[in-house]
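Going line by line, the protein sequences match chains L and Z. Numbering-wise (this note's numbering), the first sequence opens with residue 1 and increments by one. Numbering-wise (this note's numbering), the second sequence opens with residue 1001 and increments by one.
If you're looking for bench data, these hints aren't it; they were derived computationally from the structure. Hints may contain errors.
Claimed, not checked - Now the stretches of chain Z that chain L is said to cover, found in silico as 3 or more residues with beta-carbon under 8 Å: (1) 1014-1028; (2) 1096-1106; (3) 1116-1127; (4) 1140-1154; (5) 1317-1324.
As the list claims (entries may be wrong) - Cross-link-like lysine to any residue pairs, in silico, SDA-like; alpha carbons within 20 Å at most: (6) L/133 to L/147; (7) Z/1133 to L/134; (8) Z/1133 to Z/1109; (9) L/133 to Z/1355; (10) Z/1133 to L/137; (11) Z/1222 to Z/1108; (12) Z/1222 to Z/1113; (13) L/133 to Z/1110; (14) Z/1133 to L/222; (15) L/133 to Z/1222; (16) L/222 to Z/1277; (17) L/133 to Z/1133; (18) Z/1133 to L/110; (19) L/222 to L/110; (20) L/133 to Z/1136; (21) L/133 to Z/1143; (22) Z/1133 to L/118; (23) Z/1133 to L/109; (24) L/133 to Z/1139; (25) Z/1133 to L/135; (26) Z/1133 to L/283; (27) L/133 to Z/1354; (28) L/222 to Z/1135; (29) L/133 to L/118.
We put the CB at the ideal spot given by N, CA and C, even for glycine.
Number of protein chains: 2
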Amino acid sequence: MTDQPRFLIIADGAFGPETSKTADCAIRYIPERVAAVLDGSAAGRTAQDVLGFGGSIPVVATLEAGLNLGPTALLIGIAPRGGRLPDEWRGWIATAIDRGLDIWSGLHTLIGDDAELAALARAKCVRIFDLRKAPDGIPVSNGRARLVDALVVLTVGTDCNTGKMTAQLELLHALESRGIRTRFVPTGQTGILIAGWGIAVDAVVADFVGGAAEQMVVEAAKDAEVVLVEGQGSLIHPGYSGVTLGLLHGSCPAAMILCHKVSRRLIGEYHKGTAWIGIPPLADMVRVYEEAAGWVHPSRVIGVALNTCDLSEHDAATAIERAARETGLPATDPVRFGADPLVEAIAQAAARRRAAGSATPA
Amino acid sequence: MTDQPRFLIIADGAFGPETSKTADCAIRYIPERVAAVLDGSAAGRTAQDVLGFGGSIPVVATLEAGLNLGPTALLIGIAPRGGRLPDEWRGWIATAIDRGLDIWSGLHTLIGDDAELAALARAKCVRIFDLRKAPDGIPVSNGRARLVDALVVLTVGTDCNTGKMTAQLELLHALESRGIRTRFVPTGQTGILIAGWGIAVDAVVADFVGGAAEQMVVEAAKDAEVVLVEGQGSLIHPGYSGVTLGLLHGSCPAAMILCHKVSRRLIGEYHKGTAWIGIPPLADMVRVYEEAAGWVHPSRVIGVALNTCDLSEHDAATAIERAARETGLPATDPVRFGADPLVEAIAQAAARRRAAGSATPA
Chain L
1 MTDQPRFLII ADGAFGPETS KTADCAIRYI PERVAAVLDG SAAGRTAQDV LGFGGSIPVV
61 ATLEAGLNLG PTALLIGIAP RGGRLPDEWR GWIATAIDRG LDIWSGLHTL IGDDAELAAL
121 ARAKCVRIFD LRKAPDGIPV SNGRARLVDA LVVLTVGTDC NTGKMTAQLE LLHALESRGI
181 RTRFVPTGQT GILIAGWGIA VDAVVADFVG GAAEQMVVEA AKDAEVVLVE GQGSLIHPGY
241 SGVTLGLLHG SCPAAMILCH KVSRRLIGEY HKGTAWIGIP PLADMVRVYE EAAGWVHPSR
301 VIGVALNTCD LSEHDAATAI ERAARETGLP ATDPVRFGAD PLVEAIAQAA ARRRAAGSAT
361 PA
Chain Z
1001 MTDQPRFLII ADGAFGPETS KTADCAIRYI PERVAAVLDG SAAGRTAQDV LGFGGSIPVV
1061 ATLEAGLNLG PTALLIGIAP RGGRLPDEWR GWIATAIDRG LDIWSGLHTL IGDDAELAAL
1121 ARAKCVRIFD LRKAPDGIPV SNGRARLVDA LVVLTVGTDC NTGKMTAQLE LLHALESRGI
1181 RTRFVPTGQT GILIAGWGIA VDAVVADFVG GAAEQMVVEA AKDAEVVLVE GQGSLIHPGY
1241 SGVTLGLLHG SCPAAMILCH KVSRRLIGEY HKGTAWIGIP PLADMVRVYE EAAGWVHPSR
1301 VIGVALNTCD LSEHDAATAI ERAARETGLP ATDPVRFGAD PLVEAIAQAA ARRRAAGSAT
1361 PA
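Chain L extracted, bound-state conformation (with noise of 0.2 Å):
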């Protein structure tokens, strides 16, 4: 027996591999809590025909359906836009706490903000949490993640939705086997589910994105060798460099880690309709990163994870060996072909910071 949940994922028109981050590596990550996936046009399927991966995990047509397997949580699986609550989903939402259930949700959206819902879950003893909720009194940044002694490794992208947390909890994984102290720092909604802590960076007031960072590397870089950053957005992406750029400065990372969806063409080409800016080769986006992290405090990218989820076996190696040609850095698919190429990256890093015992660039 556990105590940890067992989710019912909402993700209604939208379960894919592209299009509902939060279900998809709650899938990847804790299938063991996923009860069943609420999708009407892919009902019947299983997660793993929807995604390559998740076994015999159900999707279902209707929320009954998706109750009667006996789920103690509903967790809102895909992030609209702007992470808001559509109105339709309010009823699945009270339905859900009528039957007892709990409420996991990564909107912008407070869930417990509005008040009949948080009336009823009072009502019938439900709890709700919501990940993006900030805690208060997070201080505005002033680099003091620069000083702590372990190597600080943030996943920056040329895009959103590439991999930056993915990346991570491969690397997590990895370094830890190696014997390598290692402490995850969730940023966004769906790491915070995973790991059970953090904050969502993109969720807190504009001033404090920084602070927020800060404080969870401070925290994380006690107990730990290796801090590994979850990345979020990309400085070129025109609605969410704000955030990429506070969450770079904040975390004063030593080391970086370029993730980068190799069939992507357009920045946030994935929200149909509003792409327009082309994404730059991957050594123009290795300097970029570098020079701004350079602004507050020196960098490096010291390898590129690839997402190549959507090419052929050969079409992704060739990818693989042409952004190592091209950046002169371990490129490789952590997820498809493992992480071994960055962990051999970032364990030398840490060899080399130990033996400089300072806190300088990767």
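For chain L, the structure is supplied; the task is to place chain Z on it using the hints.
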């Protein structure tokens, strides 16, 4: 008679040219609305004595002395780091409400969210204006501001507190006096206080900084040839760089004015004991801003606005000459020597834009 408030401004222990930005700007731009300043450490002097402008506006030692001068509103005139309400001020605010004064505040901690003060205000029928309170429904930015016909000009800085709002207000008046239809977009609490509209972009949820800027630029551009956007922070400030980049990418300026306080050596050195990053040469800062803007939309720095308030006339003139030589751009201290060189640069950029008929960098 007028409906405008008459302010008693709280700047206790901090009234001065570098330490009480909101108070100072109110005294510079809306002196007719200022009854007195409360600061025990400067009591008995005038605004002119303390700031070098502001005439006979008195500084008083106690709340009671200020209330005797007939204010209709209390204005929080200093912004503590992090923007939160010092506990001891709550008593002053409660007393002011009790005496029928409206409350105006630019702090991150919203006065209207304080249950006790809010209840007292309701009971006394006075209003609480939280200048940093963000409206609901701000979208994520996506470059819509790059498509407006108006010339969008953003002030950018080497640091916080360098004169980015002041430069725009000086330019606003100078451009209007030349008959150029100009609108000012306030992005911080003091600009909002003076202009009567706007959104404090550092107080919105981080994902929406760019969207707030975009929304205001699109609105302002409907009725103007030139849109002057108040800048915030600095790309190289470890605490506020995320806000700066979000504002830059959300507002999509075709032109930027670089603002610098000549006597400043370290980022944020006016916050005692926390400064550690040196301010680079101005030409480097021009390159930093043009590069970062260009990740989303190309832009050029077209002039330099220096703040020389603490320099001799001779040193100020020398600093302006040096800035012009180092950057190859027109430079002035718009408060001290007038905004003409910058007005000329903007007028030329606007004319080029009309001639080109398209959204190109200035």
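Comparing the hints with the structure gives:
| no. | hint | verdict |
| --- | --- | --- |
| 1 | 1014-1028 | violated (count 0) |
| 2 | 1096-1106 | violated (count 0) |
| 3 | 1116-1127 | violated (count 0) |
| 4 | 1140-1154 | holds (count 4) |
| 5 | 1317-1324 | violated (count 0) |
| 6 | L/133 to L/147 | violated, 28 Å |
| 7 | Z/1133 to L/134 | holds, 17 Å |
| 8 | Z/1133 to Z/1109 | holds, 9 Å |
| 9 | L/133 to Z/1355 | violated, 49 Å |
| 10 | Z/1133 to L/137 | holds, 18 Å |
| 11 | Z/1222 to Z/1108 | violated, 30 Å |
| 12 | Z/1222 to Z/1113 | violated, 34 Å |
| 13 | L/133 to Z/1110 | holds, 18 Å |
| 14 | Z/1133 to L/222 | violated, 36 Å |
| 15 | L/133 to Z/1222 | violated, 36 Å |
| 16 | L/222 to Z/1277 | violated, 25 Å |
| 17 | L/133 to Z/1133 | holds, 18 Å |
| 18 | Z/1133 to L/110 | holds, 18 Å |
| 19 | L/222 to L/110 | violated, 31 Å |
| 20 | L/133 to Z/1136 | holds, 17 Å |
| 21 | L/133 to Z/1143 | violated, 28 Å |
| 22 | Z/1133 to L/118 | violated, 24 Å |
| 23 | Z/1133 to L/109 | holds, 17 Å |
| 24 | L/133 to Z/1139 | holds, 19 Å |
| 25 | Z/1133 to L/135 | holds, 18 Å |
| 26 | Z/1133 to L/283 | violated, 41 Å |
| 27 | L/133 to Z/1354 | violated, 46 Å |
| 28 | L/222 to Z/1135 | violated, 39 Å |
| 29 | L/133 to L/118 | holds, 14 Å |
The structure fails hints 1, 2, 3, 5, 6, 9, 11, 12, 14, 15, 16, 19, 21, 22, 26, 27, 28 (numbered hints given earlier, in ascending order).
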